[in-house]
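*Asks:* Each chain is listed here by its residues.
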Amino acid sequence: MAKVIVVTSGKGGVGKTTTCANIATGLAQREKKTVVIDFDIGLRNLDLVMGCERRVVYDFVNVLQGEASLKQALIRDKRSDNLYVLPASQTRDKDALTQEGVGKVLDELKESFDFIVCDSPAGIERGAVMALYYADEAVVVTNPEVSSVRDSDRILGILAAKSRRAEQGEEEPIKEHLLITRYSPRRVSIGEMLSISDVQELLGIPLIGVIPESESVLQASNSGIPVIHNEKSISGQAYTDVVARFLGENKPMRFVDEEKKSLLSRLFGT
Amino acid sequence: MSILDYLLRRQKRSAAVAKDRLQIILAREHSDRDGPDYLPAMKRELLEVVSRYVEVDLDKIQVNLDRDGDCEILELNIMLPEGEEPIKHAAAQ
Ligand SMILES: Nc1ncnc2c1ncn2[C@@H]1O[C@H](COP(=O)(O)OP(=O)(O)O)[C@@H](O)[C@H]1O
Ligand SMILES: [Mg+2]
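Chains A and B, in that order, are what the protein sequence lines are.
15 is the number that my numbering gives to position 15 of the first sequence; each next residue is one higher, with no gaps.
316 is the number that my numbering gives to position 46 of the second sequence; each next residue is one higher, with no gaps.
Chain A on its own, in the form it takes in the complex:
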């Protein structure tokens, strides 16, 4: 049975698009047929992060409005056979999405894919609700920072009230996962940043992973190759672990503690 996963957060700039690109790539690396959809209509970015921006011909809105078939609009990833991207439209506004239209496209995709990963726009309005409406599971991306935690909490309220599973009531509710991104163990250890357990306690949903803040993420989006392809990057490895946990494997959290330092650097905090 195909699974619909929404990557959501409320707040912008916390790492949703980065997470979508990496989870989708990771699932494809694990031989799962995966499509990743950009719901950020008007502000398309997933294509850049995935490195397929020059191959966009048709987009999600074209498909919804019957101007192109899914087959025409889906872009096959250069690096993995199992991965496809459905880009957002840059010219239309977010009202181009209708609940019924999105439902039809998802139903058609479910016939040929194992996973459908939805990249949500920021906010808690229509566009964000559209992206989460049909979800079976939700990855709530949170930075260890006050406004991000508060917005994640609000998105949890919306998942519990406005999604299809919530409205219909007879099915299980959406399965929620907390993903903490841009985590800095050093700043946590000096008391400047909320810790993993702080965020977990505040939001009260199970943790699927912690992605450390790292320069390799920026380098990856600069080159359009998701960081999960970079085996040397700790963020890439952390995303690989997230995908494994998603598939039911038990992986201990890595890169969550400060590196051991010499006595001198401990003294002077270099």
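These are calculated hints, taken from the structure and not from any lab test.
25 Å max Cα-Cα, derived DMTMM-like pairs, lysine to aspartate or glutamate: (1) B:Lys289 <-> A:Glu145; (2) A:Lys162 <-> B:Asp302; (3) B:Lys289 <-> A:Glu201; (4) A:Lys71 <-> A:Asp114; (5) A:Lys175 <-> B:Asp302; (6) A:Lys33 <-> A:Glu108.
Among the chain B residues that face chain A by a calculated CB cut under 7 Å, a handful are: (7) Arg283; (8) Ser284; (9) Ala285; (10) Ala288; (11) Lys289; (12) Leu292; (13) Leu296; (14) Arg303.
Every residue, glycine too, gets a C-beta built ideally from N, C-alpha and C.
Using the hints provided, position chain B with the ligands relative to the given structure of chain A.
*Replies:* Chain B with the ligands only, in chain A's frame:
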């Protein structure tokens, strides 16, 4: 953490402050979200009435709606400023 950082620290760590503030605001937002639709308006009006009698900061007033079995309990908590005269006595019985 560097030992110098530790020795030099006087204030409460900012992460702890962040956590405390979030705990309070999330609890309040949950009670708004899960409570009946009239709750926010009722809260505002209650606050209006209270502030007609005593000068009190908004964050010194807590309105909570709790459920206890079949019963709903509206809890109104007001921290009155110490040693201050009420604004008006006229309306008191
Ligand atoms: N783990 C990380 N370390 C460093 N930078 C990151 C990390 N995750 C995301 N970023 C950066 O943060 C910015 C916003 O990320 P993005 O995925 O576009 O967020 P969103 O889709 O939530 O708006 C980008 O510049 C991205 O490269
Ligand atoms: Mg984005």
